[in-house]
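**Student:** Sequence:
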Amino acid sequence: MQIIRKYKILVIVSAVVLALWMVRSDAAERNVDVYTTGEYKSDMARMVEAYEKLSTQYLAVVQQNLSMMNFNDQQVLEKLAAIEKKIDILTEKVDTLQTEGPQPLQPEMPTKN
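Following the working numbering, the numbering of the sequence shown begins with -19 at its first residue and continues without gaps.
One or more of the hints may lead you astray.
Label-pair restraints from in silico Cβ distances [stated by the list, open to error]:
| # | residue 1 | residue 2 | range |
| --- | --- | --- | --- |
| 1 | 43 | 22 | 29 to 35 Å |
| 2 | 55 | 32 | 32 to 38 Å |
| 3 | 21 | -10 | 56 to 62 Å |
| 4 | 43 | 18 | 40 to 46 Å |
| 5 | 16 | 43 | 34 to 40 Å |
If you are wondering where the hints come from, they were derived from the structure by calculation, not from laboratory data.
For each residue, glycine too, the CB sits at the ideal point set by N, CA and C.
Throw the hints in and build the complete structure from the sequences for me.
**Tutor:** Now the structure itself:
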């Protein structure tokens, strides 16, 4: 009877250990952290992406510089137009002076006080 009792205790302890092991493994399976990684890219694919990004940035810089140059050109053209108007006015004045002829200078008479 003692042998059966020893086996009975051994079977009960084994069952408890097995049950605890199963519960623990089941809990471990539920708490598994899943980490995902991005798709694998070859060196060539990364180089092409970097080149595309660099060319896009370069294009943006070129467009900014062209718009600044356009703005500066517009300012220069406005100044040149203003200068041209002033030259036209001065030309008209010179032309009127030439058609009238020279004006004789009249001496100023000193005033007596």
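**Student:** Work down the list of hints and note, for each, if the structure agrees.
**Tutor:** The hints, checked one at a time:
1. Between residue 43 and residue 22, the C-beta spacing of about 32 Å keeps the proposed range 29 to 35 Å intact.
2. Range check, residue 55 to residue 32: Cβ separation about 35 Å, and the 32 to 38 Å hint holds.
3. For residue 21 and residue -10, the Cβ-Cβ distance of about 58 Å falls inside the hinted range of 56 to 62 Å, so the restraint holds.
4. Between residue 43 and residue 18 the CB atoms are about 31 Å apart, so this pair departs from the stated range of 40 to 46 Å.
5. Range check, residue 16 to residue 43: Cβ separation about 38 Å, and the 34 to 40 Å hint holds.
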